[in-house]
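Spelled out from the first residue to the last, the chains are:
2 protein chains.
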Amino acid sequence: MIIRPATIEDIPQILALIRELAAYERDPLAVEATEADLLREGFGPSPRFFTLMAEVSGEVAGFALYFFNFSTWKGRSGIHLEDLFVRPQFRGLGIGKKLLCSVAEAALANGCGRLQWDVLDWNQPAIDFYEGLGAKFLNEWRIMRVSDEALASLAAAGGSHE
Amino acid sequence: MIIRPATIEDIPQILALIRELAAYERDPLAVEATEADLLREGFGPSPRFFTLMAEVSGEVAGFALYFFNFSTWKGRSGIHLEDLFVRPQFRGLGIGKKLLCSVAEAALANGCGRLQWDVLDWNQPAIDFYEGLGAKFLNEWRIMRVSDEALASLAAAGGSHE
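Chains as they are written, first to last, in the working numbering: chain L, 835 to 996; chain C, 835 to 996.
Hints are computed from structural coordinates only; laboratory data are not their basis. All values derive from a computational prediction rather than experimental measurement. Among the hints, erroneous ones may be present.
Okay, derived cross-link-like pairs now, DSBU-like style, lysine-lysine, Cα gap no bigger than 35 angstroms in a straight line [to be verified]: (1) L:K931 to C:K931; (2) L:K970 to C:K931; (3) C:K931 to C:K908; (4) C:K970 to L:K931.
Sample of chain L residues with no beta-carbon within 12 angstroms of chain C, all distances over it, derived [to be verified]: (5) T841; (6) I842; (7) E843; (8) R921; (9) P922; (10) Q923; (11) F924; (12) R925; (13) L927; (14) L954.
Note that the Cβ used here is the ideal one computed from N, Cα and C, for glycine as well.
When you get a sec, could you build the whole thing from the sequences and use the hints?
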């Protein structure tokens with residue numbers, strides 16, 4: 835098993851993995867991203883995200899995709915793990931753990947004191963897996979979002995600033 | 835009322851606001867950040883975060899601090915609003931809304947289709963405020979985190995990669 839940083843040549847596989855993860859998360863049509871989006875956002879001079887690929891005998895088995903966030907309490911960056919996925923036929927080999935450990939290594943290497951991610955509340959196998967590796971729920975916190983039309987309305991509601 | 839991007843001169847006020855927000859969130863001793871941290875992470879050539887200051891009659895009334903994230907489904911960046919705070923003596927003037935609208939404008943200006951943040955589940959005034967502006971809970975998702983010693987253990991558990 836090899837864990838390695840993704841290169842531009844991996845983009846088609848990364849997009850395929852993103853789609854497979856969305857299908858697993860019961861939202862297979864949710865992926866609007868294109869290869870051009872991943873190239874532009876992830877492989878330019880200041881990438882918005884970073885990707886690790888897991889390979890077994892030369893085949894792509896899974897991936898982890900993360901970006902940096904910032905904690906105003908800690909005064910330093912942390913890592914937000916956006917996607918972690920192992921293809922079904924490669925499960926049970928410890929690949930998910932190896933990917934997560936590698937992201938933790940990236941966190942330490944970048945001076946980050948925190949690694950966090952969001953988990954679906956019905957995904958008990960994932961929750962068990964993460965808790966077994968020392969992760970804890972942030973119990974008091976919930977996620978809110980404004981998207982698309984609601985976002986445009988909110989921006990328009992601000993009017994001029996001065 | 836003025837909403838404007840923060841400059842290096844605002845760093846002492848930003849740190850003061852971060853501490854006031856932590857106190858409101860019932861964790862007043864949680865702030866380890868220093869002025870040097872904010873300078874290094876937020877005001878260098880590739881800043882990890884961005885800050886908007888709200889002023890009323892020349893006095894700092896509140897702030898919003900955000901950074902960019904990345905959605906693998908959308909294939910583009912979004913904004914994560916890390917902190918939004920209005921000092922108690924300036925509440926009821928619409929400053930919080932104006933700050934949030936300005937962050938929404940920054941999202942649109944940067945091609946982002948999403949703006950999101952985390953809210954404390956007991957902070958009903960904040961939840962009501964956000965829902966009134968079109969925000970929705972991501973009901974299925976929960977936040978997990980590995981910090982400090984647990985993060986170091988996780989990184990160490992990976993061993994060598996190949």
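Now the hints, each set against the structure:
Note on K931 of chain L and K931 of chain C: the hinted pairing is violated, with a Cα-Cα distance of about 42 angstroms set against a maximum of 35 angstroms. Restraint check for K970 of chain L and K931 of chain C: satisfied, since their Cα atoms lie roughly 32 angstroms apart, inside the 35 angstroms limit. Proposed proximity of K931 of chain C and K908 of chain C is supported: the alpha carbons are some 26 angstroms apart, at most 35 angstroms. As the CA atoms of K970 of chain C and K931 of chain L are separated by approximately 32 angstroms, the hinted pair is consistent with the 35 angstroms bound.
The beta carbon of T841 of chain L is kept farther than 12 angstroms from every beta carbon of chain C, the shortest such distance being approximately 16 angstroms. Under the 12 angstroms C-beta cut-off, the non-interface status given to I842 of chain L relative to chain C holds; the minimum distance is some 16 angstroms. The Cβ of E843 of chain L lies farther than 12 angstroms from every Cβ of chain C, with a closest approach of about 18 angstroms, so its non-interface assignment holds. Remark: the non-interface label on R921 of chain L is consistent with the geometry, its nearest Cβ contact in chain C lying 16 angstroms away (cut-off 12 angstroms).
Non-interface call for P922 of chain L relative to chain C: holds, since the shortest CB-CB distance, roughly 19 angstroms, exceeds 12 angstroms. No beta-carbon of chain C is positioned within 12 angstroms of the beta-carbon of Q923 of chain L; the least distance is around 21 angstroms. Residue placement check: F924 of chain L keeps its beta carbon more than 12 angstroms from all beta carbons of chain C (closest about 16 angstroms). For R925 of chain L, the non-interface assignment is confirmed: its Cβ lies about 18 angstroms from the closest Cβ of chain C, beyond the 12 angstroms cut-off.
At roughly 14 angstroms, the least C-beta separation between L927 of chain L and chain C is larger than 12 angstroms, which holds for a residue marked as non-interface. For L954 of chain L, the shortest C-beta to C-beta distance to chain C comes to about 5 angstroms, within the 12 angstroms cut-off, and the non-interface label is violated.
Hint check: violations occur at hints 1 and 14; the rest are consistent with the structure.
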